[in-house]
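Based on the sequences and whatever the hints tell you, model everything.
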Amino acid sequence: MKYFFILTSLLVFLAAKSAHAENIELLYINANVGASAGGHTALKLGDDVFHYQFFPDQRFLLVREPWPHFRLIYNRLRNRTIYSATCLVSKTSYKKIKSKFTTILASQQADFYHERLLQEQLDILGNLLSGNISMDVVGLGFFDPTKKESEFGVSLRSYIQKALGNDFLVRKKRLLDAGLQKIIFPEKGSLDDSPPSIE
1 MKYFFILTSL
11 LVFLAAKSAH
21 AENIELLYIN
31 ANVGASAGGH
41 TALKLGDDVF
51 HYQFFPDQRF
61 LLVREPWPHF
71 RLIYNRLRNR
81 TIYSATCLVS
91 KTSYKKIKSK
101 FTTILASQQA
111 DFYHERLLQE
121 QLDILGNLLS
131 GNISMDVVGL
141 GFFDPTKKES
151 EFGVSLRSYI
161 QKALGNDFLV
171 RKKRLLDAGL
181 QKIIFPEKGS
191 LDDSPPSIE
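This note's numbering puts the first residue of the sequence shown at 1, with every later residue one more than the last.
A few of these clues could be false.
[Stated by the list, open to error] 25 angstroms max Cα-Cα, derived SDA-like pairs, lysine to any residue: (1) K100 <-> R59; (2) K173 <-> G153; (3) K96 <-> T86; (4) K173 <-> Q161; (5) K182 <-> Q109; (6) K98 <-> A110; (7) K95 <-> T81; (8) K98 <-> R59; (9) K96 <-> T81; (10) K182 <-> V170; (11) K100 <-> I24.
Hint data in this document are derived by calculation from the structure and do not stem from the laboratory.
What follows is the structure in structure tokens.
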């Protein structure tokens, strides 16, 4: 009876302590052939799994995936065993760790956004310097007066002009010209525009 009381007290204490704690799981995925020959590690925080992944463009990036998707890819499809070690941490520590990984992801996304923006500007400037100032504009072919149109094309063009006005192409051209001017002669700090937010 004495041992039962001690055991019960211990379980109540541990349950009370765990109510103020969170689980972090360190995952180890066993080795496979090729690029996976060294095995793989990840951190599971709730339903999210954070891990670094090597991409074909030679980048080693942090990735966040839902646990069911991660398990499907590594365990079911690639037939790799996943080992888990659980660590109990305080809710404060848990939030700090998850926040840090999320911040790294947001920073990566901001870097990609700025890199893409710079590449677009370089492409446009390269075209301008080479004398190739033509630009692809999706859907502009609907308004080519030299093009023989189907009945559907005529109907669509008429609908768009009624909805947006007969001068909407002129207005769009002005907007594009203004956009090109900003790219060619950017204002100071224009690359600091806010990147898309991460969820």
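Going down the list of hints, with the structure as the test:
1. K100 <-> R59: This hinted pair holds, its Cα atoms lying about 20 angstroms apart.
2. K173 <-> G153: holds (21 angstroms)
3. K96 <-> T86: Holds, because 17 angstroms separates the two Cα atoms, which is no more than 25 angstroms.
4. K173 <-> Q161: Holds, at roughly 15 angstroms.
5. K182 <-> Q109: holds (23 angstroms)
6. K98 <-> A110: Holds: K98 and A110 sit about 18 angstroms apart, inside 25 angstroms.
7. K95 <-> T81: violated (28 angstroms)
8. K98 <-> R59: holds (22 angstroms)
9. K96 <-> T81: Roughly 29 angstroms between the alpha carbons, so the hint for K96 and T81 is violated.
10. K182 <-> V170: holds (19 angstroms)
11. K100 <-> I24: holds (14 angstroms)
Checked against the numbered hints given earlier, this structure breaks hints 7, 9; the rest are met.
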